[in-house]
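Could you put the whole structure together from the sequences, leaning on the hints where they help?
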Amino acid sequence: MRNKYSHMSRLLLLLTLFISSTALGQVSISGVVTNKKKKPVTGASITIKGSYDGGTVDSTGNYSFMTTERGDQILVITATGFKEEDINIKIGVESIRKDVVLQDNTSELGAVLITAGSFEAGDKKRGTVLSSMDIYTTAGADGDITSAIKTLPGAQQVGEQTGLFVRGGTAEETKVFIDGTLVNNYFYTSTTDIASRGRFSPSLFQGTIFSSGGYSALYGQALSSALILESTDLPERSEGNIGVSSVGLSGGYTSLAKDKKSSWGVDYNYVNLWPSFQVIHQDPDYFQIPVVNTAEGNFRIKTGKRGLLKFYAYYSGQQFGLSRPDIDSLALKDAFTLKNPDYYANLSWKQRWHKWRLTLSSSYSNNLDKVQNQLQNSAGEPVTMSQYPYDSKSFQAHTAAQLAQGKAVLEYKLPDLSAVRFGGEYQHSEYKSKFTDDTIPWINTGYTDNFTAAFGEADIYVTHKLALKPGIRFENSPLMQKSDVAPRVSAAYQVGPGQVSLAYGLFYQKPDDGYLSFYPHMGYQKATHYIANYQIMTTKRTFRLEGFYKKYDYLTKTFPDTSDIGTGYAQGVELFWRDKQTFKGIDYWISYSYLDTKRNYLNFPYEMTPNFAAKNTLSIVFKKFVQDWKTGFNLSYSYASGRPYYNLSQYGKPAYYIQDSGRTIPYNNISFSLNYIPTLSKPNSKHFTVWVLSVNNIFNFKQVYSYNYSYNNEIKQPVEPPAGRFIFIGCFISFGVDRTQDAINNNL
Amino acid sequence: MKHLLFFSLTLLLAVNITYAQSAKYQRVMEQNVALLDTAHSLSSVVDLGNRFERIADAEKTLALPYYYAAYCKVMTAFLGNDNSKADEIADKADELITKAETLDKPNSETYVIRSMIATAHMMVDPQNRYMQYGAASAEALNKSIALDSTNPRPVYLQGQAKFYTPEAFGGGKSVAKPIFEKALSMFGTFKPATDIAPRWGKGATQYFLSQCN
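Read top to bottom, the protein sequences are chains U and Z.
Sequential numbering of the first sequence, starting at 1, is according to my numbering.
Sequential numbering of the second sequence, starting at 1, is according to my numbering.
These are calculated hints, taken from the structure and not from any lab test.
For glycine and all other residues, C-beta sits at the position ideal for the given N, C-alpha and C.
Keep in mind that the hints are not guaranteed to be accurate.
[Stated by the list, open to error] 30 Å max Cα-Cα, derived DSSO-like pairs, lysine-lysine:
1) Lys143(Z) to Lys302(U)
2) Lys105(Z) to Lys24(Z)
3) Lys355(U) to Lys105(Z)
[What the hints assert, rightly or not] Computed, partial: chain U to chain Z, Cβ under 7 Å:
4) Pro40
5) Gly43
6) Thr47
7) Glu85
8) Ser131
9) Thr539
10) Asn611
Okay, here's the thing in structure tokens:
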């Protein structure tokens, strides 16, 4: 028993000793924590893992704390922007001194970003250049995405043809993608010498990437440029809206479910240019005023915590008729009419599982252009003449284009921002055209293609200062019976306060629809891009200098034979400066592009500068919101040096020759817009109103885009916009909750 | 007998250690929560945040230290003058408050932190981010009030949001003042559930109210 007791007391003694020793003995741990450049990492936390004991690094880089822990322990050092450091230590009775050097964490904020060739817009954490609000408040853009893009370097100020002309490329060389898939008829159909707008409103999109070259292997079939649009996710709230303006009426409703996991919306838009055309004289005589009816619907459903299913459907019906004097006989007129119904639908699903991210997208579009041209006498009666060139002036053409496609992209996130992604796409396109004039009965042409592509790409962060993006794309067209392999690679390296980016890539594109119908076995047109840029970017300022060289091969030739032996090049230097800091409350940007380009394509006799390429292009955009007046003022100036024009004639000779050539006058345009928001000062207002006034080409500068010639070269007429100055006025009201900031958003 | 004695002793010891541990938790938390009232500088808030995070990681199963760690973390985004780090700091605060919500459940106080995190993101680029984060911040405050209508902190933050919104956009001192007054009277009657439950905000409300005149 005594023995037992003594045993017990020894145990107790031991325990007491153990407990008191932990309570009494404190050991000091101290040291210095710096980064690789020996600068103190102020605020870093030092912890003995699993205990309360630790300290914080002060402004001189020192830390020190007392601990009662003993034995083998792990010292954990953490700080924002640095990798966690774990150090094994053995704590005895002596003070410990431990100096630590922390490694930079490759985070999105500190890391370089590959920027060669591309402008990213939208509310991403990095790389924001233009947001949807910027697009709405760019004077002269009138709420059209591509018009705002024209104030960025690389894009040309071409007013007589629809589309984006980028770095010496034609409008067909720029393709638009929504949620990953190609959009076939992004622009409203128009007629010769008059450009039209894009169909889709900027507010549909949360992100816009404008790539003027060297774009990702996830996209293809665009020789020059890709405009990549990402639609918005779930709306913030339910609301209704109506709009009345000098060009029409609009109304819509968006409903967000109570659990905020799904939403639906419908919109209707009616455009009629009759009121505007009464006030603003138009040069062609519109015997049928342009009218557009647009209906849109959408739904979005959250799938789990990290997934979203999105659907968007669009219908638009457009029609107009105009007549212009016939260039070959000024006593006659050409009366042109267009009916253009267009359907578009897009269904996409993105889902994340741990480190995997899957994006499935599909879309369908169906566009019909019903065109009729009639030769008329001055009284507006149809005229039939059997001699050239009048025998082919009256014609009808119906062009139907359908595109159904599916695309899958799978991404796997690697440590430190690196990632690999790969996938494939399928495009079923049907193009049907029928044509008749006084000399020929209806003839049908067209093609069907089942185009496929597979692609892979990796983001490799070697360090947070050096990133590489290699990619490859395989494409196959059963119609053309040809495949291609397009490697792309880009890199970014941090230099001083900014970064240098380089990009190289091969880009292929099928010949344009009209040629593909007759000559399906021509090869892919090809462009090789080389791009280098230097960029310094802070949250309030962006400076960017970019140089490029682009080589064209296998462009379509139409004379002497239709073939794919056309060639060309484009090279230039571009500058971009955006500043929201220097002048309080003022946001402005300046873009300048220098372009040197020549090509031998279509009926060109040799390589020459095409008529859509200006050597110097400049844009200055300026914005200021005056709170006391509840009004935003926006101003923009665009300049382009004179463009070359040619009369490529065959009159009296067996081959095309340049009968006349020259350079147009320089292009100048100063536009202005203002947004007045009367409900601003009323807190918690249940409706929200914005008035918009915009004036395009305020000073009515004369703009000559090019010249048209009669078939016998005797008459030469300038191509000018239908109207000089254009004025828009509108009022937009939304009902729901207070929408202070949309203010500036929703103005056209 | 020997076994029984040994067993009870071990049990006693274990209980004692657990008690000591929870007593230590209580004591250290009380000290640090008290320090919050006087921590106005960036360095002191960073240090307190580190302390709460250490306690949280050591305890592993308690929501409150994570809550305080998230609060201190997001406060450093407001106290610091380097906007370029605010996103990363707010993301870290988000991680901490998510841990608090998983260990307990989302409540009136955690939504207050969520609102502050959204505001921190917004302040990086207010013009472009107001739509997304401004709305998220206001909505989190509404949720906070819905879960506990006696909590003065979301009301104080609503006042602060109006205080910093320009008059032309429906904000300003005159709009903010009655909200701060309401918050202050709520602070007068608010009783924290425990000695270490959230209690911050009264001093700041008084300060803002004095600025409204």
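Does Thr539(U) pass the interface hint, meaning its C-beta sits closer than 7 Å to a C-beta of chain Z? The hint holds - Thr539(U) has a Cβ within 7 Å of chain Z, the shortest such distance being about 6 Å.
Tell me if Pro40(U) is really an interface residue toward chain Z, meaning its C-beta lies closer than 7 Å to one of theirs. Status violated, d = 12 Å.
Lys355(U) and Lys105(Z) were given as a pair; does the straight-line alpha-carbon distance stay at or below 30 Å? Since the Cα atoms of Lys355(U) and Lys105(Z) sit roughly 26 Å apart, the hinted pair holds (cutoff 30 Å).
Is Lys143(Z) within 30 Å of Lys302(U), Cα to Cα? holds (20 Å)
Holds or violated: is the Cβ of Glu85(U) closer than 7 Å to a Cβ in chain Z? violated (15 Å)
Quick check on the hint: Ser131(U) CB to chain Z CB, less than 7 Å? With Cβ-Cβ at 5 Å, under 7 Å, it holds.
Residue hint Gly43(U), partner chain Z, criterion CB-CB below 7 Å: It holds, given that the least Cβ distance between Gly43(U) and chain Z is near 4 Å, below 7 Å.
Run the distance test for Lys105(Z) versus Lys24(Z): straight-line Cα separation, threshold 30 Å. Holds, because 24 Å separates the two Cα atoms, which is no more than 30 Å.
Hint status (Cβ of Asn611(U) to nearest Cβ of chain Z, threshold 7 Å): violated (38 Å)
Does Thr47(U) meet its interface restraint, that is, does its C-beta lie within less than 7 Å of any C-beta in chain Z? Thr47(U) check passes; min Cβ-Cβ to chain Z is 5 Å, inside 7 Å.
Violated hints, listed in ascending order, are 4, 7 and 10; each of the other numbered hints is respected by the structure.
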